[in-house]
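Visitor: Read off the chains here:
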Amino acid sequence: GQQLNQSPQSMFIQEGEDVSMNCTSSSIFNTWLWYKQDPGEGPVLLIALYKAGELTSNGRLTAQFGITRKDSFLNISASIPSDVGIYFCAGHATSGTYKYIFGTGTRLKVLA
Amino acid sequence: EAQVTQNPRYLITVTGKKLTVTCSQNMNHEYMSWYRQDPGLGLRQIYYSMNVEVTDKGDVPEGYKVSRKEKRNFPLILESPSPNQTSLYFCASRPNGVSSGNTIYFGEGSWLTVV
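So the protein sequences, as listed, match chains A and B. FYI, this note's numbering numbers position 104 of the first sequence as 104, with every residue one higher than the one before it. Each number in this note's numbering corresponds to the 1-based position in the second sequence with 112 added.
Excised from the complex, chain A in its bound form (with noise of 0.2 angstroms):
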């Protein structure tokens, strides 16, 4: 099944520094969602995107729907510790299917 490309893989930054990572598709998407997976528990929905070019922010994370509908991008300002996990996104083509597709994730882990 197709997969879309989400970078970067892994990140290690400072406690403070801020975090961007986005995903990309060849298809075109009506929605994109992020989420954030803990290491043994299942994946907790950070932040949804319906538009395309809608900025969406949820404390200290935004996420923009690109206006091409083929990427999207989060962003994290001020890691802490607690930021610690697995980020990915998902994407819900505009036709023919009712599937979503998952990027392979980014694994960011905060020095404090």
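Source of the hints: derived by calculation from the structure; they are not laboratory data. Fair warning: there could be bad hints in the mix.
Cut-off 27 angstroms, straight-line C-alpha distance, at most; resulting in silico cross-link-like pairs (BS3-like, lysine-lysine) [claimed, not checked]: (1) A/Lys99 x B/Lys181; (2) A/Lys70 x A/Lys51; (3) A/Lys99 x B/Lys169; (4) B/Lys183 x A/Lys99; (5) A/Lys70 x B/Lys169.
These numbers were taken from a predicted model, which means no experiment stands behind them.
The hints should help you fit chain B onto chain A, whose structure is shown.
Guide: What follows is chain B alone, placed relative to chain A:
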């Protein structure tokens, strides 16, 4: 509280011994699905169901079965588990359709080891 509940959370079993992982959601969602998550491969869909008695194969269905006799339940069945089915499994649900608001809700995961 809206949730997807799967059991067991952790299981070690032997090759060939049939097992079932249960999944239940309390949000009245039509769509349910099973994924497995393996290092470097992300989430891969095993089977999905768009409503009661309607199931279909995902990307990696070999070695698995599912059933959808009730809207809230979607069990995953491994008739004859093999070591390559050792993985972390997630059940998920969402409403049908393509309108905005159809976000996916995941269970907490089931760690399965087949020896």
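Visitor: The structure should be examined with respect to each hint, and the outcome stated for every one.
Guide: Outcome of the hint check:
For the given pair, A/Lys99 sits about 21 angstroms from B/Lys181 by alpha-carbon distance, which is consistent with the 27 angstroms threshold. Taken as a hint, the A/Lys70 and A/Lys51 pair is honoured in the structure, with Cα atoms around 12 angstroms apart against an allowance of 27 angstroms. Proposed proximity of A/Lys99 and B/Lys169 is supported: the alpha carbons are some 11 angstroms apart, at most 27 angstroms. In summary, the hint linking B/Lys183 to A/Lys99 is supported, as the alpha carbons are separated by about 19 angstroms, within the 27 angstroms threshold.
As the CA atoms of A/Lys70 and B/Lys169 are separated by approximately 26 angstroms, the hinted pair is consistent with the 27 angstroms bound.
Comparing the model with each earlier hint shows no violations; every hint is respected.
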